[in-house]
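Chains A and B are the protein sequences, given in the same order.
If you count by the numbering used here, then the first sequence holds residues 39 to 142, one letter each, in order.
If you count by the numbering used here, then the second sequence holds residues 332 to 888, one letter each, in order.
Treat each hint with caution, since some may be false.
Simulated coverage check for chain A against chain B, where a stretch passes if three residues somewhere in it have a Cβ under 8 Å from a Cβ of chain B [stated by the list, open to error]:
#1 41-55
#2 58-72
#3 85-91
#4 94-102
#5 106-119
#6 124-132
Source of the hints: derived by calculation from the structure; they are not laboratory data.
Think of the CB as a built atom: it goes at the ideal place given N, C-alpha and C, for glycine as much as any other residue.
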Amino acid sequence: MSSEMYARIQKNPKFTELVSKRERLAWTLTGIVLVLFFGLFMTVAFNPGLLAIRLGDGFVTTGLLIGLAQFILFWVFTAVYVARANSEFDTLTEQLLYESAKAK
Amino acid sequence: MKKTFLKLAAGFASCAAAGAALAGGAVEITQKQPLNVPAIIMFAIFVGMTLAITYWAASRTKSASDFYTAGGGITGFQNGLAMAGDYMSAATLLGLTAMVYTNGYDAYLFMIAFFVGWPIILFLMAERLRNLGKFTFADITSYRLDQGSVRTMAAIGSLTVVCFYLIVQMVGAGQLIKLLFGLDYHIAVIVVGCLMVVYVTFGGMVATTWVQIIKACLLMFGGTVIMLLAFSQFGFSFNTLAAKTIEIHKLKDALFAPGKLLQDPVNAISLAMGLMFGLAGLPHILVRFFTVNNAKEARKSVLYAAGFVAFFFNVILLMGLCAIVIVGTSPEFFEGGTIGGKIIGGGNMVAMHLAKAVGGNLLLGFLAAVAFATILAVVSGLALAGASAISHDLYARVIKKGNVSEADEIKVSKMASFGIGLIAVVLGIAFEKQNVAFMAALAFGIAAAGNFPVLFLSMYWKDLTTRGALAAGYGGLTAAVVLVVLSKSVWVTVLGYATPIFPYDQPALFAMPLAFLLGYVFSITDKSPRAAKERLAFTDQWVRAQTGFGADGAVSH
């Protein structure tokens, strides 16, 4: 756990690459989730009628569909993140650590 | 040690059995409760099974790492199940079903708000938690800061949330058991307290994890079976179901439109923020990030947990809607047989009545046992998180400054678990008559304002100093508690004043930004040499958070 190793890791360009890729994905997904979710709540507060519109001749409303869609979509986002992180980011991290350990 | 365990376990088991046997004799004043034999049998099986697991777990719990985090060897899938289990308490099953029954679409919105914290915690925190922490989240908050003061603060924040959450669970457990098994409330609370102490003291994190996993499976299985049986009565057609619910429910069409619950934007946003970010401040959830091998498994945990939660919430939606028709038109579930009147056992019993309606006494017994198991598992998780805060943070790091043997630390953890069990029982008994629903919200609100901001700043912000962390932590915590005391739930309902000073129910919208602000202001104005060192130390922490280099790995058994 030496500070030297940390310093070497930091200097490696792969570190910046890893950090920027991860941050970009994380914040993009977070941003989308927050916008969609608070968007829904804002609609509830200021224009609830929009969510009560029936679709087709059944009883499914826009609100119900959007709700279900948010459950599914947000879960898909978690899957996307995990897939990318567990493959691309972790490989990058392994390479990074290997190179930094080697370089003396 | 094993002999003691066996003796104690036998003692508690016989207490529980004796208590259950008394059930036949206890006559409720409000309603006659028939002796629910299937429920008691299933409950006894569950308790027996979990005690067996605890016995097995005790043999695998040797080190501090084993006690706090099961040695770090839990897989992503197992952990995901355990996390989902920790998150979905009886309040989920009973309370949310009841909410769907009464409020329809509003409950769905509530559930989305409950769910949305999971993706957020994955994107922003999961890996860092695993890479930086060891046993408690205070490990991370105090990583580069002054251990003594910051750990104390984090531990206090943890314990406060744990306490409020415990009260809710204990009171819920007591009332549930009283209702379903006919046990006296006090005995019920004591039984829960005893079992919880046994699980945690003897089995540590290994036992609580497996109890949680089993309970999560039972919960989802039971709920799904009930939902399928109920939904089949409508030919599995949502339209058929919806048509009938609109006919019967007093809201009529408005059942599927947003209603009163989330009408006020400020309240709605505050609630959403509390639920969303509170998740990232709940100690018993956060600790589960340390029970896995590495960041990879930590991410997978959240993926699975989120999946289970999303699935089950939708099951509950269908359950609640089916209940509107199936329970809502049956006089046997209403007091005095008046349909539309008061539901027997209170609104929260809707899920139970549905179970009885579609599956008879057997399914009712199963669900009752599951509900009880749920509470037991959650209180164990809470007790362990609390005990960890006391032994690992306060005792080992703050008081003993790290000069403590593992054996001593474990001993203190066990004493702390016992102490927490005692306090939980006392509080459960003290709050019997109170409406504790507001405490669940308070727990989330405190977690969102007291625990989450400091944790987040500590992981992301280079310029955070000890002073800033303390300001944010204590400030957020105090603000959240004060605002809730001044709100309707306490000021009016408990203290009896006419109008609340704080006009909203949820403190998060105000307390959380305040915490961030305090953290920011007190950090940038900190010009001490220690502050400068802390800013420098951020880089190493950042590298470790990103790469996992230097992180604690798993311990093989």
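Status of the hints after comparison with the structure:
no.	hint	verdict
1	41-55	holds (count 6)
2	58-72	holds (count 8)
3	85-91	holds (count 4)
4	94-102	holds (count 6)
5	106-119	holds (count 10)
6	124-132	holds (count 3)
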